[in-house]
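Residue strings, one per chain:
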Amino acid sequence: MPFFRKKRLFILLIGMIILVVLIGYSLREREQLSMPEKFINDTVGWAQSVIHAPVKFVTNVFSNIDDLKKTYDENKILKEKLSNYKSLLYDSQELKKENEELRKTLKKTESIRDFTPIQATVISRSPERWIEQVSINKGSLDGVKANMAVITADGMIGKIKSTSKSTATVQLLTGFDQFNRISAIASGKNGKKIFGVIEEYDEKTKSLLFRIIEESDKDLKKGELVVSSGKGGVFPSGLVIGTVKDVIPDQYGLTQTALIKPAANMNEIDNVIVVDRNLETDDTEQKQEDGK
Amino acid sequence: MRRFYVPLILFLLMIMEGVALELLPDKLVGGSMMIVPHWVFIFLLLVAVFYDRRDSYISVWYAIIFGLLIDVVYTEILGVYMFTYAVTIYIIHGLSRFLQSNIFALVLFGILGTAIADGVINIIYVVVGLIPADWPWYFIYRLLPTIVANLIFLLIMYPIFSKRLERWSKEKSFNSDTFSL
Chain A
10 MPFFRKKRLF ILLIGMIILV VLIGYSLRER EQLSMPEKFI NDTVGWAQSV IHAPVKFVTN
70 VFSNIDDLKK TYDENKILKE KLSNYKSLLY DSQELKKENE ELRKTLKKTE SIRDFTPIQA
130 TVISRSPERW IEQVSINKGS LDGVKANMAV ITADGMIGKI KSTSKSTATV QLLTGFDQFN
190 RISAIASGKN GKKIFGVIEE YDEKTKSLLF RIIEESDKDL KKGELVVSSG KGGVFPSGLV
250 IGTVKDVIPD QYGLTQTALI KPAANMNEID NVIVVDRNLE TDDTEQKQED GK
Chain H
163 MRRFYVPLIL FLLMIMEGVA LELLPDKLVG GSMMIVPHWV FIFLLLVAVF YDRRDSYISV
223 WYAIIFGLLI DVVYTEILGV YMFTYAVTIY IIHGLSRFLQ SNIFALVLFG ILGTAIADGV
283 INIIYVVVGL IPADWPWYFI YRLLPTIVAN LIFLLIMYPI FSKRLERWSK EKSFNSDTFS
343 L
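Note that the protein sequences, when read in sequence, are chains A and H. Everything in the first sequence is counted per our numbering, starting at 10 for the first residue and increasing by one. Everything in the second sequence is counted per our numbering, starting at 163 for the first residue and increasing by one.
Hints listed in this document are in silico derivations from the structure and should not be mistaken for laboratory results. Predicted, not measured: the structure shown is a model, and the values here were computed from it. Hints are all accurate, no fakes.
Partial chain H-side listing against chain A, Cβ under 8 Å, derived:
1. E238
2. I239
3. G241
4. Y287
Glycine included, C-beta positions come from ideal geometry on N, C-alpha and C.
Start from the sequences and build out the full structure, keeping to the hints where you can.
Spelled out as structure tokens, the structure:
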């Protein structure tokens, strides 16, 4: 019997070596997925989108019944809001027109605000809850590239982590760590802009940490909107990230950190828009395009 | 044809895991609890107990293949599920010789297996620095709900597949040597 035990130990050791090698391979800074991974993602993605439709139908039936109960109350509130929106819409259209004309006179037609939307549907969510990612049904064939921002109607939800031919993985804001920062602005009501960086998601307080760079921290109040600034060079500006929940000093007392409640609900993501910034992004992708 | 039933079901379960969180009510998912569906693992457990013979290790091979698939599709950190599922299923396969394969033994295997599998996955993630090492939190908010949820799934799957797997195992031809370790 000792022979068999040795064999067992040997296999376990080989298994551990393979594990370490594979983890090391996948945790290093990868620009792209390997070919087999892309192939598997495409194949499974196809099957997922087939399965997803009936499942979605069933869950929709239940949520529709839920919605029906709330309809009356919601309708009241919405009607009130709608009257406000009409005047707002007029204002924004006027401003947009004016902005365009001014830009034309300046001969500066492209801004970091512009982007091309790519519509996509979520086909699956990672069952491993530590890894906050979802898959969408658009991939590199549809023009999706890594590091693009992903938004819903409510606000930003994350960025593209990796792509295969017909699917892509989205890293959610709730899974952001120190390596994924977003340059952002909180715009106070008096028109003052407060610049800062969204650093990471804090699991305990369930909010994003927004570190304020400037010392104009006194102006930041609860409920103010935080949007992306576009200064990071990858995302366009003006994407809604969330609202300020609280402002706390950091552990050294030198800077202020605001807790941001994400605007979009991360647990119910269905239809998303991948944001393709019109202005060139300062990324390595530029080289690839030049090479064509 | 029948020898393809098991991998087909495993593949289907793997895809279903991706929409599992949508099937659960929003309160459970959005709350502080972290329920992880290990459905592929639960079915592998049934395969190890009812389908494998003593000297065949089909379930371990499937654990390696589908563990790797889960790694590729859902986490992008390769090897973690592959290693964990294979080792845990191997242990369960070894244990199933000592106990009769009735419902009580299976519940025991389910609790033990889910605990080992989920525990090892978390240990690996902590070691590579992906998540903070907060073990009391882990035990209360992730391990316990996960074991309960997967046990429920096991109790649903048991009456459907226990007899079928045994039958498929008998009908399977004797040339399964290609799969044995």
